[in-house]
Every structure is written in C-alpha cells, then in structure tokens.
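Required output: the full structure, derived from the provided sequences and hints.
Number of protein chains: 2
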Amino acid sequence: MYNKDAFDSYLKQHHDRFVDEFAQFIAVPSVAADGRGIQPMADLLAERFRKLGARVTQYPLPGGSPVVYAELDGSSNSTMLIYNHYDVQPEVPLNLWDSDPFKLTIKDGVMYGRGTSDDKGELLSRIQAVEAWLQTQGPLPCNIKWVAEGEEEISSINLPAWTEAHRDMLKADGVLWEGGGYDTLGRPTMAAGCKGIAYFELHADGAKMDLHSSVAPRVPNPAWRLVWALSTLKNEHDQITIDGYMDQVAPVSASLAAAINALPTDGYAPELEMWGLSGWLNGMDDVAAQLRSYTEPTVTICGIETGYTGKGSKTVLPAHAYAKVDCRLVPDLTVATAQKLIREHLDRRGFTDIELRLIGGEEPADSPMGSRIQQAAVTACHETFGKEPLIYPRFAGSGPMYPLSTMLNIPVISAGATWHPNARAHSPNENIFVKDYVDSMRFTASLLSHFGA
Amino acid sequence: MYNKDAFDSYLKQHHDRFVDEFAQFIAVPSVAADGRGIQPMADLLAERFRKLGARVTQYPLPGGSPVVYAELDGSSNSTMLIYNHYDVQPEVPLNLWDSDPFKLTIKDGVMYGRGTSDDKGELLSRIQAVEAWLQTQGPLPCNIKWVAEGEEEISSINLPAWTEAHRDMLKADGVLWEGGGYDTLGRPTMAAGCKGIAYFELHADGAKMDLHSSVAPRVPNPAWRLVWALSTLKNEHDQITIDGYMDQVAPVSASLAAAINALPTDGYAPELEMWGLSGWLNGMDDVAAQLRSYTEPTVTICGIETGYTGKGSKTVLPAHAYAKVDCRLVPDLTVATAQKLIREHLDRRGFTDIELRLIGGEEPADSPMGSRIQQAAVTACHETFGKEPLIYPRFAGSGPMYPLSTMLNIPVISAGATWHPNARAHSPNENIFVKDYVDSMRFTASLLSHFGA
Numbered sequence: 448m449y450n451k452d453a454f455d456s457y458l459k460q461h462h463d464r465f466v467d468e469f470a471q472f473i474a475v476p477s478v479a480a481d482g483r484g485i486q487p488m489a490d491l492l493a494e495r496f497r498k499l500g501a502r503v504t505q506y507p508l509p510g511g512s513p514v515v516y517a518e519l520d521g522s523s524n525s526t527m528l529i530y531n532h533y534d535v536q537p538e539v540p541l542n543l544w545d546s547d548p549f550k551l552t553i554k555d556g557v558m559y560g561r562g563t564s565d566d567k568g569e570l571l572s573r574i575q576a577v578e579a580w581l582q583t584q585g586p587l588p589c590n591i592k593w594v595a596e597g598e599e600e601i602s603s604i605n606l607p608a609w610t611e612a613h614r615d616m617l618k619a620d621g622v623l624w625e626g627g628g629y630d631t632l633g634r635p636t637m638a639a640g641c642k643g644i645a646y647f648e649l650h651a652d653g654a655k656m657d658l659h660s661s662v663a664p665r666v667p668n669p670a671w672r673l674v675w676a677l678s679t680l681k682n683e684h685d686q687i688t689i690d691g692y693m694d695q696v697a698p699v700s701a702s703l704a705a706a707i708n709a710l711p712t713d714g715y716a717p718e719l720e721m722w723g724l725s726g727w728l729n730g731m732d733d734v735a736a737q738l739r740s741y742t743e744p745t746v747t748i749c750g751i752e753t754g755y756t757g758k759g760s761k762t763v764l765p766a767h768a769y770a771k772v773d774c775r776l777v778p779d780l781t782v783a784t785a786q787k788l789i790r791e792h793l794d795r796r797g798f799t800d801i802e803l804r805l806i807g808g809e810e811p812a813d814s815p816m817g818s819r820i821q822q823a824a825v826t827a828c829h830e831t832f833g834k835e836p837l838i839y840p841r842f843a844g845s846g847p848m849y850p851l852s853t854m855l856n857i858p859v860i861s862a863g864a865t866w867h868p869n870a871r872a873h874s875p876n877e878n879i880f881v882k883d884y885v886d887s888m889r890f891t892a893s894l895l896s897h898f899g900a
Numbered sequence: 448m449y450n451k452d453a454f455d456s457y458l459k460q461h462h463d464r465f466v467d468e469f470a471q472f473i474a475v476p477s478v479a480a481d482g483r484g485i486q487p488m489a490d491l492l493a494e495r496f497r498k499l500g501a502r503v504t505q506y507p508l509p510g511g512s513p514v515v516y517a518e519l520d521g522s523s524n525s526t527m528l529i530y531n532h533y534d535v536q537p538e539v540p541l542n543l544w545d546s547d548p549f550k551l552t553i554k555d556g557v558m559y560g561r562g563t564s565d566d567k568g569e570l571l572s573r574i575q576a577v578e579a580w581l582q583t584q585g586p587l588p589c590n591i592k593w594v595a596e597g598e599e600e601i602s603s604i605n606l607p608a609w610t611e612a613h614r615d616m617l618k619a620d621g622v623l624w625e626g627g628g629y630d631t632l633g634r635p636t637m638a639a640g641c642k643g644i645a646y647f648e649l650h651a652d653g654a655k656m657d658l659h660s661s662v663a664p665r666v667p668n669p670a671w672r673l674v675w676a677l678s679t680l681k682n683e684h685d686q687i688t689i690d691g692y693m694d695q696v697a698p699v700s701a702s703l704a705a706a707i708n709a710l711p712t713d714g715y716a717p718e719l720e721m722w723g724l725s726g727w728l729n730g731m732d733d734v735a736a737q738l739r740s741y742t743e744p745t746v747t748i749c750g751i752e753t754g755y756t757g758k759g760s761k762t763v764l765p766a767h768a769y770a771k772v773d774c775r776l777v778p779d780l781t782v783a784t785a786q787k788l789i790r791e792h793l794d795r796r797g798f799t800d801i802e803l804r805l806i807g808g809e810e811p812a813d814s815p816m817g818s819r820i821q822q823a824a825v826t827a828c829h830e831t832f833g834k835e836p837l838i839y840p841r842f843a844g845s846g847p848m849y850p851l852s853t854m855l856n857i858p859v860i861s862a863g864a865t866w867h868p869n870a871r872a873h874s875p876n877e878n879i880f881v882k883d884y885v886d887s888m889r890f891t892a893s894l895l896s897h898f899g900a
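Just so you know, the protein sequences line up as chains A and B, in that order.
Quick note: the first sequence uses my numbering, first residue 448, plus one each step.
Quick note: the second sequence uses my numbering, first residue 448, plus one each step.
Honestly, the hints are just simulated from the structure, not real lab data.
Since this is a predicted model, take the numbers as computed values, not measurements.
Check before you lean on any hint, since a few could be wrong.
[What the hints assert, rightly or not] Simulated restraints on C-beta separations:
| no. | chain 1 | residue 1 | chain 2 | residue 2 | range |
| --- | --- | --- | --- | --- | --- |
| 1 | A | Pro487 | B | Asn682 | 48 to 54 Å |
| 2 | B | Lys554 | A | Met693 | 53 to 59 Å |
| 3 | B | Asp547 | A | Lys882 | 36 to 42 Å |
| 4 | B | Asp547 | A | Ile687 | 44 to 50 Å |
| 5 | A | Asp690 | B | Ala709 | 19 to 25 Å |
| 6 | B | Asp794 | A | Ser700 | 40 to 46 Å |
Just so it is clear, CB atoms sit at the ideal spot from N, CA and C, and this is done for glycine as well.
In structure tokens form, the structure reads like this:
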C-alpha cells in the first residue's frame with residue numbers, strides 16, 4: 448500500500464507544470480511517417496526520463512527513430528517492462544482540425560492535439576506518476592524497464608531486431624502496454640494480445656506521363672489496372688478472396704470465442720451513433736460484429752491516389768496509380784505469408800504488372816489470460832476507478848507486442864484509462880480528457896504498488 | 448489570292464510584339480476548373496479583338512466564364528465562324544513542370560506554358576493573322592464571326608443553350624475549329640467531327656470521419672465500395688460492361704471504316720516511343736488501335752482520391768472516396784443515355800449508395816466530308832505547308848462541335864498546324880514550336896483567301 452493522499456496532493460500541487468510539460472511534448476511534430484521532429488522528441492523524452500533519476504540510453508535504429516530506453520531501480524526483485532511510443536500519426540487532413548494539431552488546446556475539460564491520446568498522454572502521465580511516487584512515497588515498489596519507441600505508427604519496423612539484440616537487458620516479469628482505455632459506457636478495457644499487421648502499397652504504371660484521355664481506346668490505364676487488381680482481393684460481401692489467405696487462419700478456439708462473447712456489446716450502439724453509421728457491415732448485429740472484430744483478419748484500403756482529383760473536370764489518362772492497403776493478421780497468418788499469398792494471387796490473375804511493396808509488418812501476438820501483471824492491473828482498476836474492467840483476449844488493432852511479449856515470453860497487459868471512445872486517434876481533433884490524464888497517474892501508482900507487492 | 452510577301456514581311460516585322468502579346472495571354476491563369484483568371488482573360492481577349500476593329504460582345508454565362516464574341520466584316524457574302532477557347536486545364540502537378548506554367552518560357556525554338564498549345568497559341572496566332580491581313584491586304588475576303596469561350600476545359604456546359612439563343616446571329620457557311628495539328632511524321636491533320644463526352648464523379652460515403660483501420664471487420668469502407676462499383680463498369684480486357692452501353696453505339700458504316708483505315712498508321716510507333724509504352728492496349732496492332740480510337744466509346748478513370756496517400760503508413764479507414772470518370776461518346780450514345788445506363792447498372796448491382804454526379808457533357812458530332820470549308824482548308828494546307836493533310840472523319844477527343852456545327856447545321860473543319868505530337872496539352876510542360884506559331888498565321892491567311900474566293 449502507499450500514501451494516496453500524499454500522492455494526490457502532489458498531483459494537484461504540480462498540475463499546471465504537468466500540463467505545461469504535456470504542451471511541450473505535443474508541440475514537437477514527431478511524425479514517424481516523414482521523420483519530422485523525431486530526434487527533438489527523443490531528446491526531450493530522454494531528458495524527461497533523466498529528471499526522474501533514470502539511466503537513459505538512446506539506441507539509434509536504421510529508420511532514424513531511436514528507441515529511448517530508461518531503467519529505474521525499485522525496492523523489490525520484481526521488474527515491470529513498460530512500453531510506450533513517442534511518435535504520432537500524420538496530422539492531415541489539416542482542414543478538419545478545429546485547432547493547431549501541434550499546440551495543446553484545452554477546452555471544456557478536454558485537451559486537443561496530435562498525440563494527446565496516441566500515445567504522448569499515456570506516456571507522459573506515467574512518467575509524471577513515477578515522479579510523484581518518488582517524491583511522496585520513497586523508492587519504487589518494483590524495478591522499471593521502459594521502452595519508448597519512435598516507429599510505432601510505421602509498424603515498429605526495427606523493434607523486433609532491436610529486441611532480439613537486447614534479450615538479456617529486457618528480462619522482466621510482466622509488460623505494461625500502451626492503449627489502455629474505456630468504452631462508450633465508461634468501462635475500463637484491457638487486452639492481453641493484439642492482431643498483427645502487414646501494410647502494403649500497390650503500384651501500377653502506365654505511360655511515362657499523364658496523357659489526354661482521348662487516347663484511352665489504345666493506351667493502358669494504370670488506374671483501371673489497380674481497380675481491377677484490388678477488386679479481386681475482397682468481394683462485395685466483405686469476404687477476403689485472396690487465394691489461401693483464410694486457410695491460414697487458425698480455428699477460433701472455444702475458450703477464445705467464449706472470452707469474446709462474454710464481453711458486453713452495449714457499447715456498440717453508441718459507436719454507431721458517434722460515427723454516423725446506420726448499422727454494421729453486412730447488417731451484422733453487435734455480437735457478430737464483436738466476434739468478427741477480434742477473430743477475423745482484414746484487407747483494408749487505407750488510401751488511393753491517381754490522376755486528377757481537384758475541382759471540376761480534367762480529362763486525363765493517369766501515368767501512375769497507387770493504393771495503400773493494410774492487412775490485420777490473426778494467428779497463424781504471418782506478415783511473410785500474407786505478402787506471398789497476395790503476390791501469387793495477383794500473378795495468377797495476370798496482374799504481374801502490379802508492384803506490391805511491403806511498407807511495414809508486425810506479427811499477431813496472444814499472451815496468457817490471468818497473468819500476474821493482468822491481476823495487478825485488475826486490482827489497480829478496482830482501486831482507481833471502482834470498476835470491473837473488460838478484458839479482451841486481444842486488441843482489434845496492432846502493435847509490437849510480438850517482439851516484447853511473445854518473443855521474450857513475458858505476459859503483457861494493455862491497461863490504464865486514457866483512451867476514450869471519441870479520442871480520435873489517427874484522426875483530426877485527437878484528444879484526451881484532463882480528468883483521464885490525471886487518473887492515469889493514479890492508476891499507474893496503484894499498479895506499481897500491487898505489482899511490486 | 449493575296450500578297451504573301453507583304454504578309455510575311457509584316458509577321459517578321461512584328462514578331463517580337465506578337466510574342467510579347469502571347470506572353471501576356473499565357474500569364475493569365477484562366478483555369479476554368481476553379482475560375483481563376485477567367486474574367487481578366489476574357490477582358491484581355493475582348494480588348495485584343497477590339498484592336499482589330501471588331502465588334503465585340505461579352506456574353507455572361509451561368510458558369511461565370513463569358514463567351515467573347517467578335518464580328519469582322521469582309522468584302523464577300525461568305526461568312527466563316529471561328530471557334531477557339533481562352534480557358535486552360537489546371538496546371539497540377541506543378542512539380543513536373545520545368546518552368547512556371549504561367550510564364551511563357553522560350554527554349555530552343557519551343558515556347559512552354561499552360562495554354563501554349565491548348566488553345567491560346569492557336570487563338571492568338573489567328574487574331575494576329577487577321578491583323579496582318581488587314582494591315583497588308585485591305586478588307587478581309589469573308590466575314591468572320593468568332594466564338595471564343597471560356598468553358599471548353601469543363602465540357603462547355605453552357606454553350607449549347609447560348610448557341611440555341613443566338614441561332615440567327617451565328618449563321619455562317621463553314622466553321623473553322625480549334626485543334627489543328629500534325630502527326631509524328633509532320634503531316635497536317637484535320638477533323639470533320641468529334642466524339643462526345645460525359646464527365647462523371649462517383650462518390651461513396653462511410654463513417655462521418657476517418658477511423659482507425661482496426662474497425663474494418665465491422666465498419667463499411669467507402670474505398671472498397673468505390674473499387675467494387677468501378678470494377679463492374681469495364682473488364683480486364685478493356686471491354687465496357689455497363690448494361691446496354693455498347694448497344695447504343697451505331698454500327699460503324701463501311702464508309703467511316705474505310706475513311707479511317709485509309710489513314711496511315713506510321714505515326715503510331717513514334718507515339719509508343721514518346722510515351723514510354725511497349726505496345727497498345729491488349730496487344731492491338733496500329734491499324735486496330737487506330738480504328739478503335741475513332742469508333743469506340745470509352746470509360747476512363749481520370750482520378751481517384753480516398754484516405755491517406757502521403758508518405759509511409761497511416762492505418763486509416765476512409766470516411767469518403769471518389770473517382771472522376773470520363774466517357775467519350777460516339778453516335779448514338781448521348782450524355783443523358785450514358786448517365787441513365789450507368790445509374791441503372793449500379794443500382795441493379797446493389798450500388799445504390801454510390802452517388803453519380805454528371806459534371807459536364809457534350810454530344811458526339813459528325814459533319815459531312817468534302818464540305819466547302821474543308822476544301823478551302825485542304826488548299827490552304829497545300830499552299831502553306833506543301834503537304835497533303837490527313838482528314839479524320841472525327842476527333843478521338845471531344846469539343847462543343849455539336850452545338851456550333853450539328854445544331855446550326857454548318858459543316859466544320861478542325862485545321863491549322865499548331866498542335867504537335869509532343870505538345871503535352873493537359874500535361875506539364877505544355878508547349879508550341881515558335882515556327883508552328885508563325886505558320887499558323889500564314890495558314891489562316893491562306894484559308895481566308897480561299898474560303899472567301
């Protein structure tokens with residue numbers, strides 16, 4: 448146990464400084480997709496860790512975004528590995544933001560800015576929680592090894608190799624993951640695994656320049672080639688039609704289905720309302736939508752660009768067309784298999800002209816339910832929020848859990864409660880509630896106390 | 448006949464001023480797609496017509512681009528209707544231009560800039576030819592009625608109604624059209640008709656904001672909806688599969704096929720080379736490619752935009768997707784029929800969610816071969832270039848020939864020789880040869896003399 452009153456008083460006393468620090472974090476445009484602001488953000492973060500008294504090392508990676516690694520000693524032999532990331536998604540489309548994405552803007556108890564939710568709010572509030580602990584409680588109840596990477600938003604392309612090279616250094620008894628949140632009805636959510644992802648670009652080339660569209664009867668159009676190729680990957684019933692793709696998916700075990708079906712679906716209707724949708728895909732009910740969300744792989748068009756897309760009519764036959772496609776993976780579908788199957792599928796249908804580029808990939812990862820870190824998180828959740836959490840066997844999203852949990856054989860739990868249902872991660876007007884930011888510090892302290900006990 | 452030496456001397460003497468005037472025309476960004484610079488260009492053009500001594504009227508149209516109409520009296524009862532346009536295509540993508548698109552840039556005998564070829568070079572050189580005639584020969588050999596519109600690049604949406612309202616005013620014995628050019632082997636080309644066009648946008652909507660792509664198993668993706676809908680319009684053999692579309696196409700008459708097949712195809716191989724292509728669509732030979740170019744309708748994807756298309760990976764499920772599609776029409780496929788057939792085709796396949804917007808349309812137009820204006824153009828071609836022209840029954844492109852020729856029942860010929868095979872109309876680095884610009888004035892004088900005789 449720890450002195451909560453002293454801890455909470457410290458948070459109140461230092462609230463304004465904590466928010467100022469948050470504004471400094473948001474102000475750095477650490478967009479991994481184009482590398483802007485990555486090194487300044489890594490430096491700012493390393494400095495913040497040092498202020499805790501941590502041993503901090505920046506590990507340069509081939510992609511240019513270093514891993515910022517910090518170690519803090521505790522008073523027990525238990526070690527918690529904490530994972531967060533300091534990079535953010537691109538801020539486009541800028542015109543849909545109501546405020547500057549890189550200026551922390553507070554309105555009606557909500558803090559807006561790129562990275563407020565994903566993942567700078569969670570990262571910094573945990574750091575500030577450690578500061579408050581050290582200042583009010585004395586030594587930490589467990590050792591902390593903190594991995595903060597800068598390539599999460601581009602599929603953590605270099606993290607598996609880095610992890611492999613630092614297996615001994617990273618030994619721990621449990622991993623605290625990012626992405627802790629709550630659902631539309633305010634119930635804290637946790638996850639013990641995640642889907643994998645393979646992110647592709649498909650490119651089609653035509654003439655070496657855009658041509659007047661009057662030549663269409665005789666000149667190949669890469670936009671059509673791309674549309675035809677894409678249309679073979681998934682049909683209008685949203686069934687993936689890539690040869691052999693679904694064959695790789697391991698049957699959903701009875702225990703997995705039971706764990707998912709046991710989860711409430713009363714948060715789904717509010718999501719429909721919030722997103723302006725009249726129903727789920729193919730008219731699925733909430734139960735079917737939930738089971739599908741956690742058990743099925745996906746093939747998603749994230750973007751397409753070709754030819755003229757401005758105002759009015761430009762009669763052009765494009766020289767080039769490309770699409771961005773992400774494939775969320777479930778066991779036993781791996782990144783390499785997905786890539787191989789799509790390539791072969793396209794070739795078999797005569798689309799040898801379509802170039803398939805793998806931009807990033809992460810393997811799917813499941814970890815055991817009921818682990819020690821999970822139990823500590825549940826207790827901390829009760830203590831902090833007075834609520835029973837919903838525990839998802841896996842995220843519908845992806846992250847580098849595979850290297851840091853599966854590869855190292857350490858159970859993982861995503862927990863905390865900073866990600867709310869309208870947080871707009873990856874979208875304009877990304878945000879976090881001020882109250883949730885503060886509660887994240889209280890949850891972190893509670894978790895440390897129970898995990899170290 | 449006319450005094451060619453005096454005419455040519457005048458051109459030489461005033462060459463620098465003519466080029467300065469051309470630079471002024473190019474400097475005005477008269478992009479019809481977004482309306483930039485349209486009125487300043489109309490004013491500049493009206494003023495230039497007035498300097499010839501013409502009666503000039505600007506007719507405002509609902510779209511905001513006025514018709515600039517000019518009349519000049521001649522010494523005979525013959526009247527030539529001349530058609531040109533003062534609007535230009537958008538200049539994007541800007542990064543592929545080697546010079547400022549709106550600054551006339553002369554290098555190695557070539558003049559670069561948006562509109563140099565399409566269609567300011569042809570328009571202004573004809574005006575300057577009339578000036579040179581009036582200054583060196585006296586009265587014009589025929590009356591001239593000049594229609595210069597500012598919406599050609601957005602399918603002349605208001606010209607049919609304007610023409611209908613001014614039928615009496617526009618009476619003439621022949622129409623001189625824009626777009627006179629020559630092929631890769633330097634042979635002047637003419638055309639007595641053109642294809643029509645229906646320009647559409649297809650829109651698909653999903654959630655009211657871009658979402659994290661992890662929701663893909665349950666949220667409809669408008670990018671997929673669009674791809675699936677598009678893929679039903681044309682198959683991988685480039686056959687149009689819109690229900691009933693090809694049934695509307697009138698059989699190719701023996702005389703039309705003969706006129707097209709009589710045209711040489713030795714200009715086709717150089718085009719392949721210039722465009723960086725290894726062959727025509729579906730491996731067609733030049734003869735088949737030529738026949739198809741002039742007789743078949745098209746369905747062309749001109750552009751697609753959805754989701755994230757920047758650098759790297761952004762895992763997003765788009766809120767919206769749209770495509771621009773142009774359909775080149777041949778008799779008896781009309782704009783309204785094309786629209787109706789596509790709408791019904793999509794509905795029949797469950798794509799009632801895809802919005803189909805008609806952005807602009809022009810009907811196909813054929814006019815008789817061997818007309819008086821055509822014969823005068825052939826004679827002028829021999830006199831100016833010493834070459835036999837290739838006469839195409841119709842353009843593979845489109846233009847508002849239907850209102851000004853078919854509706855008014857006046858034979859039309861596209862002639863002159865300013866459009867060369869690498870002119871890059873609608874593309875970056877659009878250009879015209881200085882020599883062709885000057886020859887256009889000489890051709891115009893010769894045509895006036897033979898048409899008025």
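Each hint tested on the structure:
In this structure, Pro487(A) and Asn682(B) meet the distance hint of 48 to 54 Å, their C-beta atoms being roughly 52 Å apart. Checking the proposed 53 to 59 Å range against Lys554(B) and Met693(A) shows it holds: the Cβ atoms sit about 58 Å from each other. At about 54 Å, the beta-carbon gap between Asp547(B) and Lys882(A) misses the expected band of 36 to 42 Å. Evaluation of the 44 to 50 Å hint for Asp547(B) and Ile687(A) yields a pass: the beta carbon distance comes to about 48 Å.
For Asp690(A) and Ala709(B), the Cβ-Cβ distance of about 48 Å falls outside the hinted range of 19 to 25 Å, so the restraint is violated. For Asp794(B) paired with Ser700(A), a C-beta distance near 43 Å keeps the hint of 40 to 46 Å intact.
Against the hints set out earlier in the document, violations occur for numbers 3 and 5.
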